[in-house]
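**Q** Sequence:
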Amino acid sequence: MLHSKANWKTLTIESDAKLINDISFKLSPVVEKLLLQRGIRSSREAEKFLFPSLDDVHPPEKIQWMDKAATRVREAIEQNEKILVYGDYDADGVTSTAVLIKALEELGANCSYYIPNRFTEGYGPNEEAFRQAYANGFTVIITVDNGITAVHEANVAKALGVDLIITDHHEAQNELPDAYAIIHPALSEDYPFKELAGVGVAFKFAQYLLGFFPKHLLGFVAIGTIADLVSLTDENRVLSYYGLKELTISNTPGISALKQICKIEGNVTEEDVGFKMGPRLNAVGRLQDAGLAVELLLTEFQEEAQELAEEIDQLNQERQRIVEVIRKEAEKMVDPSKFGVMIVYKENWNEGVLGIVASRLVKQFDRPAIVLNFNPETNELKGSARSIPAFDLFTNCMKVRHLFSKFGGHAQAAGMTIPLENVEKIQEALDGYMKEQLTEEDCKEEIIISGEVEIAEINEGLIDEINRLAPYGMGNPKPVFKIEHIPAEGRQIGSKKNHLKLQFREDGKLLDGIGFGFGNLYYAISPNTPLQVVGELGINEWNGNRKPQIMIQDMRIEDWQLFDYRGRKNVDFSFLANEEVIAVSENPLEYSFIPTISYEAKGQELQKVPHLILCTLPARLNDLIQLIQKIQPVNIYACFQLNDSAYLKTFPTREDFVWLYALFHKRKTIDMKREIQSIMKVKSWSKEHVVFMLRVFSELEFVRMDNGVVHVNPTPEKKDLETADVYQERLRQLEIEQQLYYSNYEEFKNWFTPYINYLETEKSKEEMINGL
Numbered sequence: 004m005l006h007s008k009a010n011w012k013t014l015t016i017e018s019d020a021k022l023i024n025d026i027s028f029k030l031s032p033v034v035e036k037l038l039l040q041r042g043i044r045s046s047r048e049a050e051k052f053l054f055p056s057l058d059d060v061h062p063p064e065k066i067q068w069m070d071k072a073a074t075r076v077r078e079a080i081e082q083n084e085k086i087l088v089y090g091d092y093d094a095d096g097v098t099s100t101a102v103l104i105k106a107l108e109e110l111g112a113n114c115s116y117y118i119p120n121r122f123t124e125g126y127g128p129n130e131e132a133f134r135q136a137y138a139n140g141f142t143v144i145i146t147v148d149n150g151i152t153a154v155h156e157a158n159v160a161k162a163l164g165v166d167l168i169i170t171d172h173h174e175a176q177n178e179l180p181d182a183y184a185i186i187h188p189a190l191s192e193d194y195p196f197k198e199l200a201g202v203g204v205a206f207k208f209a210q211y212l213l214g215f216f217p218k219h220l221l222g223f224v225a226i227g228t229i230a231d232l233v234s235l236t237d238e239n240r241v242l243s244y245y246g247l248k249e250l251t252i253s254n255t256p257g258i259s260a261l262k263q264i265c266k267i268e269g270n271v272t273e274e275d276v277g278f279k280m281g282p283r284l285n286a287v288g289r290l291q292d293a294g295l296a297v298e299l300l301l302t303e304f305q306e307e308a309q310e311l312a313e314e315i316d317q318l319n320q321e322r323q324r325i326v327e328v329i330r331k332e333a334e335k336m337v338d339p340s341k342f343g344v345m346i347v348y349k350e351n352w353n354e355g356v357l358g359i360v361a362s363r364l365v366k367q368f369d370r371p372a373i374v375l376n377f378n379p380e381t382n383e384l385k386g387s388a389r390s391i392p393a394f395d396l397f398t399n400c401m402k403v404r405h406l407f408s409k410f411g412g413h414a415q416a417a418g419m420t421i422p423l424e425n426v427e428k429i430q431e432a433l434d435g436y437m438k439e440q441l442t443e444e445d446c447k448e449e450i451i452i453s454g455e456v457e458i459a460e461i462n463e464g465l466i467d468e469i470n471r472l473a474p475y476g477m478g479n480p481k482p483v484f485k486i487e488h489i490p491a492e493g494r495q496i497g498s499k500k501n502h503l504k505l506q507f508r509e510d511g512k513l514l515d516g517i518g519f520g521f522g523n524l525y526y527a528i529s530p531n532t533p534l535q536v537v538g539e540l541g542i543n544e545w546n547g548n549r550k551p552q553i554m555i556q557d558m559r560i561e562d563w564q565l566f567d568y569r570g571r572k573n574v575d576f577s578f579l580a581n582e583e584v585i586a587v588s589e590n591p592l593e594y595s596f597i598p599t600i601s602y603e604a605k606g607q608e609l610q611k612v613p614h615l616i617l618c619t620l621p622a623r624l625n626d627l628i629q630l631i632q633k634i635q636p637v638n639i640y641a642c643f644q645l646n647d648s649a650y651l652k653t654f655p656t657r658e659d660f661v662w663l664y665a666l667f668h669k670r671k672t673i674d675m676k677r678e679i680q681s682i683m684k685v686k687s688w689s690k691e692h693v694v695f696m697l698r699v700f701s702e703l704e705f706v707r708m709d710n711g712v713v714h715v716n717p718t719p720e721k722k723d724l725e726t727a728d729v730y731q732e733r734l735r736q737l738e739i740e741q742q743l744y745y746s747n748y749e750e751f752k753n754w755f756t757p758y759i760n761y762l763e764t765e766k767s768k769e770e771m772i773n774g775l
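Take the sequence shown: its position 707, counting from 1, is numbered 710 in our numbering, and each next residue is one higher.
Hints are computed from structural coordinates only; laboratory data are not their basis.
For every residue, glycine included, the Cβ atom is placed at its ideal position computed from N, Cα and C.
Be aware that one or more of the hints could be misleading.
[Unchecked claim] Pairwise CB distance ranges (calculated):
hint, residue 1, residue 2, range
1, 328, 548, 26 to 32 Å
2, 577, 443, 22 to 28 Å
3, 462, 332, 44 to 50 Å
4, 35, 219, 35 to 41 Å
5, 350, 71, 46 to 52 Å
6, 546, 589, 50 to 56 Å
7, 176, 313, 25 to 31 Å
8, 599, 313, 56 to 62 Å
9, 177, 45, 36 to 42 Å
Construct all of the structure, not just a fragment, from the sequences and the given hints.
**A** Structure below.
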């Protein structure tokens, strides 16, 4: 048995759900099921989803106050008023800033941008920045990706005589700012899609200002939308789909330099944005002023773009280094055995990366994590939190909101400031909520499975068809499939042997499975055992060859396992160091963490243990049976060694016994010290062969041994040879060796199976009796 690292949950659909059968294009059953899981029921919906069209983008004029805001901006352009675009320091914020600046410049506006500093100003508008903008002659301020909660700052702008236009997508609070105009899809009843990213809202405003659909700005939209993890459905899907195409063909200096530094070639995918481009743009604002990222996106000079991209890449490397340093320090502060919320803090931790560190801790320990920087001057802690799917961090923290100086966020992520003296109170409260609401099993990571596929079904055509569902993201996750099969081959790969490569074969079809970080499980997979793996299907291209593969996310084995190491010496069991294991051995094993027992310890108290190592053969099969029934292992490692095999020795025939006894009876007395060699030579017997028969005769009192001399009993009692204990012992040893040592793998495992299932069988009997 091999337990999965995560909880597996399979998506279901209504039993009668099906697509309307008038689709003009052919769909495989696998893709049809994927569409149904996404709530798609008609051919029109399927066509719109699989073939996104810009015709399905919603008109910007449906957003409330769009015309009022655009009229004011056009007026400012005509009168050469100074317009300030007030952005944010993450990827969504900087791309939003770039989109609107590009549009305003195309319209000839006198414009500039401002990105607040994460460390000195924090998120969103602030009074000092607005006053400085007024002092610098700006009469119009347009926020992008922020501003919907800036009630005070809007009043400041109004008092200064500055017209504030807010474009945002974040959740509005009870009170809206008193701004000149608010462009927010969720606040516009007539706008059909409420989940645009900040850059999507800025793009809508840019489109309305320009009077045409600015396709050339879609690359920025794709970066901000994908990086901000908004739902990639409806309009966001269309904008991202065409935005990725725009990024692929774009030759603007900033995008080209960014792709080059990210080593992106060919078609740009959502993974390129999410794991390469987005993190680099985000890194700038995590470590310093994010204006550098905006400069990269806006520059028109290739050389400058290259220099900016290299500087941003270095900042990203520095960000990675800082994250790793803090992660290691935080990891040492965590007690893995404690069930509850992890709260760690230290002075001089960089606040810009604490959310990333919290995410790493959550992934490593399957617990919610709050990671904070301690400021000794204010005696406060400030940082970020991340949670597990089963624990609503926002709701539970709000129960003790009075213990926080500042708090905000949602179910899985939050930011906060905490007085130092309140940390223990918050820790105690959140731990209590976790114990009330969850079990250990609930805390495990979740993997949502789209369905099970057969290896024979998987080919390039199916994978290409599945990829029609891209771009993937929130609301449209990349499909994860389950495969259950016996691996034909398996090996560790990588310089540190920390990755796993499996190969599955079925009906002449081959499928490779790659599990990054699963190298240690190589020793946990026995041969001829069905293995369940879940992962994403893809195509591996190497030297012009294309082969289907599954990128393994998790695996499990539901059956018990037998690992056949019979006859092998020095088996390495270090991979069991953190497991519950026991060994049956005459001598202590070299591994101090493995306790040893013997078959003879009849009265020993034995508990269930998942791993059982068998180093020595039992004297009786029943001894092993009883041991297995007590321990009920799910993994058995057979390491039997034989130095003196009964199975390989010739068992004397009845004719052998008759001949030797006739010799004794005829001679009456024989000195075996002098005669045994001649007997061996005449009959071509081994010494052990002769000695064994002598022991049988002696036990049955057919002869008497006296200092090597055999004396025949003149009046022996008639007894069958098989009644001798030594004879029976030899038969038992033969049976044990035949069953446990010389059998093939299938026979060997089949012998164990009835006893592994012993307790389950007894439980079923008991339930049946109780049921009667």
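**Q** Each hint needs a verdict: does it hold in this structure or not?
**A** Hints, one by one, checked against the model:
Remark: the range hint 26 to 32 Å for residue 328 to residue 548 is contradicted by a beta-carbon distance near 41 Å. Taking the beta carbon of each, residue 577 and residue 443 are about 26 Å apart, inside 22 to 28 Å as hinted. Between residue 462 and residue 332, the C-beta spacing of about 48 Å keeps the proposed range 44 to 50 Å intact. For the pair residue 35 and residue 219, the beta carbons lie near 36 Å from each other, so the given range of 35 to 41 Å is met.
The beta-carbon spacing between residue 350 and residue 71, approximately 49 Å, falls within the hinted interval of 46 to 52 Å. At roughly 53 Å, the beta-carbon separation of residue 546 and residue 589 lies within the given 50 to 56 Å, and the hint holds. Between residue 176 and residue 313, the C-beta spacing of about 41 Å breaks the proposed range 25 to 31 Å. Between residue 599 and residue 313 the Cβ separation comes to about 60 Å, which falls inside the hinted range of 56 to 62 Å.
Judged by the Cβ atoms, the range 36 to 42 Å given for residue 177 and residue 45 holds: they are separated by roughly 39 Å.
Hints 1 and 7 from the earlier list are contradicted by this structure; the remaining hints agree with it.
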